[in-house]
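Can you join these two chains into the complex? Each is in its own frame, and there are hints to help.
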Amino acid sequence: MTEDKDEKGKIADFYLKEIDRLVTRPIRLMEVCGTHTVAIFRAGIRQLLPEKVDLVSGPGCPVCVTPDDYMDQAIAYAERDDVILTTFGDMLKVPGSKSSLGEARAKGADIRIVYSPLESIDIAKENPTKKIIFLAVGFETTAPTAAATVLEAQKEGLTNFFVLSAHKLVPPALRALLADPQVHVDGFILPGHVCVVTGEEPFGFLPLEYHMPAVICGFEPLDILRTVYRLACQIQGECPAVENEYGRVVKAEGNPTARQLVETVYEPADADWRGIGLIESSGLKVRKEYQSFDAAVAMPIAIEKAARQTACRCGEVLRGIVKPTQCHLFGKACVPEHPVGACMVSVEGSCAAWFKYGSGRYSYGRG
Amino acid sequence: MQEKGVVRMCLAVPAKIIEKKDQMAVVDLSGVQRNVSTMLLPEAQVGDFVLVHAGFAMQIVDEEEAERTNEALRELNIID
Chain A
-1 MTEDKDEKGK IADFYLKEID RLVTRPIRLM EVCGTHTVAI FRAGIRQLLP
49 EKVDLVSGPG CPVCVTPDDY MDQAIAYAER DDVILTTFGD MLKVPGSKSS
99 LGEARAKGAD IRIVYSPLES IDIAKENPTK KIIFLAVGFE TTAPTAAATV
149 LEAQKEGLTN FFVLSAHKLV PPALRALLAD PQVHVDGFIL PGHVCVVTGE
199 EPFGFLPLEY HMPAVICGFE PLDILRTVYR LACQIQGECP AVENEYGRVV
249 KAEGNPTARQ LVETVYEPAD ADWRGIGLIE SSGLKVRKEY QSFDAAVAMP
299 IAIEKAARQT ACRCGEVLRG IVKPTQCHLF GKACVPEHPV GACMVSVEGS
349 CAAWFKYGSG RYSYGRG
Chain W
14 MQEKGVVRMC LAVPAKIIEK KDQMAVVDLS GVQRNVSTML LPEAQVGDFV
64 LVHAGFAMQI VDEEEAERTN EALRELNIID
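Keeping their order, the protein sequence lines are chains A and W.
For the first sequence, the working numbering begins at -1 and goes up steadily by one.
For the second sequence, the working numbering begins at 14 and goes up steadily by one.
A portion of the hints provided could be inaccurate.
Only pairs whose alpha carbons sit at most 27 Å apart, straight line, appear in this in silico DSSO-like list of lysine-lysine [claimed, not checked]:
| id | chain 1 | residue 1 | chain 2 | residue 2 |
| --- | --- | --- | --- | --- |
| 1 | A | K153 | A | K123 |
| 2 | W | K33 | A | K354 |
| 3 | W | K33 | A | K153 |
| 4 | A | K153 | A | K91 |
| 5 | W | K33 | A | K50 |
Far from chain W by the CB rule (all over 10 Å, computed), these chain A residues [said to hold, decoys possible]:
| id | residue |
| --- | --- |
| 6 | L46 |
| 7 | R78 |
| 8 | E101 |
| 9 | R103 |
| 10 | A104 |
| 11 | K105 |
| 12 | P115 |
| 13 | P126 |
| 14 | L149 |
| 15 | G235 |
| 16 | P266 |
| 17 | R285 |
| 18 | T323 |
According to the in silico footprint, chain W covers these stretches of chain A (three or more CB under 8 Å from chain W) [claimed, not checked]:
| id | segment |
| --- | --- |
| 19 | 137 to 146 |
| 20 | 248 to 259 |
FYI, nobody ran anything at the bench for these hints, they're computed from the structure.
In this text, a Cβ means the ideal position worked out from N, Cα and C, and glycines have one as well.
Looking at chain W on its own, in the form it has when it is part of the complex (with noise of 0.2 Å):
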């Protein structure tokens, strides 16, 4: 998402964390796995979605709603 265009601080989106390891998880953001920090949010499981901020995990939030929000992100061409 990010390697296009301009790289921008306030981008937030929600993704699904599919592994956790100390202070890192990796989530699946629509297909794209990344690595993120949980230092911010140490409660995060695997299997939740969490709104990801500047390669940090900020908050759980849930399913439903991250299918909306990346919806809503699409349609303002903020992720492809």
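Same shape as in the complex, but just chain A (with noise of 0.2 Å):
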């Protein structure tokens, strides 16, 4: 164990080393996934590495770009007696304009926190009576196993299963980023589990048509290093492309039986991303032959459009353009017990890792 662990403080040293020689002018590399973001603040990572490389954390953490119209709504659907809400946990305290899903539950909502989008189907034919509406949220990863739990209610013959759908997806967000001459970025550290679906593919426009180097990451501590390292040597030697250094885990042609399924049940769709607003193409909505699955089809409900204002910043935090600690709000009237905004509800957040984890050297401006 001791010897593993020389071994691998050799190797970052040797990363380290060789990030100092390439790296000739400050850098500003973007990792877009929430276990990264927490992954490097464990780690120290922005402490070991050289001044002149900053990191951003973008909108990776699926939970906080969900917007309040979406809260909203599956509080709606909640405060029915006729419902049965399903969702992963860390959407209970997403705020919506007026309240949260943690907050319905404690007046009495019906709302189950579930591992899987498929226990949704057990509580479907436990409750024939209820209606069960799962939380599709999630970004590419996530978004075939609500596919697949869309076409397992099909196959059983289920009419009281519905998903409300607001899938996010990372390249055209990417994209959006790259249109927006706020945004600073040099690279991408890409997300490892996104890829495990989408492949490679999906990225190529970095390169291609942004000149912009990226890489695929693990979630280890040397991983990270590793892609910095790579990420520093495409930008001193001017050759952008996508890399993959989740090698063992990442296929470049990801997962197409999930992509297949994810095509089946779903079609893209323009979304509305928190605290950046509208981006084309980068959601998913249910597609007409399973309409009968879709909530905000099979059963529409009317809600006021949010129109909560705060002084949050989220939609600047998620696009790397403040650091959490530059809203006046951040560990003051938002904390992670009472989160204001939704980067400091998911303990992948970029607003919480930094309150648990301390800012450390952390630089977000460009001067």
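Structure (structure tokens):
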């Protein structure tokens, strides 16, 4: 074990020295995966890297980018007596415009936390007089699990199971970031588990159209250091490409079966990202053929358009324009127990990670 | 693992398939047995290590990766 640690230490030293040698100007690398956000903090990677390498968090936490309107809609469904809402646990505290699912549950709404969307099927069978709505949130990794659940419900002949889709797609969000003059990025640390499904191809536009280095990254400290090193190589050599440094898990072609199931049930749709706004074709909606499983179509519910005004700067945090501490609410009105913005809700949100692990050297600003 | 604390959607962990029947499999995750669906990975077989996400096997990974990732997740306090 000691030997192993020595070995890892040597490898880390090698990467750090090489990064320092290769990087000749300040660079800024963005990760777009909440698990990377946490891993970078936990391993103290920002403190290890030379100051000229700046790591910023992008919109990589699906909980954080789910907008008020969606939460309001979910809460409105949950408040109905004939509805059981099923959801991943990290959605409970996400603020809508007036309350949260957690508050609705405290007032008696039947909201059940599931580990897998498939559990909704059992709940639907056990409760034939109720309508079961699964909150289908998440990126490319999670969408296939919701799609598979819809297909399973169809196979079982269920008429009381629905999804409320707010799935998000990573590549269109990266395009939107690159089109934003306020956002400055020199390379992307690509989300390993999203790529398990997508494969490499959907990120090919980064080097081809934007001359943007991109490396698919795993979740160990050495994976992240190696990714930064490879990005530094690409930047220095002016040879941007999509490189896969997580090949032991991510196949170049991704998971075609998973993508096929998503394609069967869903089609691309414009989607609203909290703090960023509408991004073209960045979400998934249920196809016409499966509309009987789409809560939004099968049992529409009218909600007032959210008009919540707060000083929350989630939108700028999600684009890496400001650091969490530059928000006046951070650590004061907005803490993990009472989040104002969604970035403070999920343990993988930038603000929550920053709050938990301390700021360290974490300079977002570029002059 | 997920019983402790908040059940998060993004958690993806490697586990070994010890049984498989139709579209379901039983995996061993650090000594805990759990049912997972193989709908998204029909080629997975008994003995394979697979990446598990939200109750579904997502990809076959090698054993060494399974151990390394579990170690990394333990360090992150994401699993016990």
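Now for the hints, and whether the structure bears them out:
1. K153/A - K123/A: Since the Cα atoms of K153/A and K123/A sit roughly 13 Å apart, the hinted pair holds (cutoff 27 Å).
2. K33/W - K354/A: 41 Å, violated
3. K33/W - K153/A: Holds: K33/W and K153/A sit about 20 Å apart, inside 27 Å.
4. K153/A - K91/A: Roughly 33 Å separates the two Cα atoms, so the pair is violated.
5. K33/W - K50/A: Answer violated: K33/W to K50/A is near 51 Å, above 27 Å.
6. L46: Holds, since 15 Å exceeds 10 Å.
7. R78: At roughly 23 Å from the nearest Cβ of chain W, R78/A sits farther out than 10 Å, so the non-interface label holds.
8. E101: 16 Å, holds
9. R103: 14 Å, holds
10. A104: Holds: least Cβ distance 16 Å, greater than 10 Å.
11. K105: 20 Å, holds
12. P115: 6 Å, violated
13. P126: 23 Å, holds
14. L149: For L149/A, whose nearest Cβ neighbour in chain W is about 8 Å away, the distance does not exceed 10 Å, so it is violated.
15. G235: 28 Å, holds
16. P266: Since the minimum Cβ distance to chain W is about 20 Å, P266/A lies beyond 10 Å and the statement holds.
17. R285: 18 Å, holds
18. T323: 23 Å, holds
19. 137 to 146: Holds: 5 residues of the segment 137 to 146 of chain A have a Cβ under 8 Å from chain W.
20. 248 to 259: With 6 residues in contact (Cβ-Cβ under 8 Å with chain W), the coverage given for the segment 248 to 259 of chain A holds.
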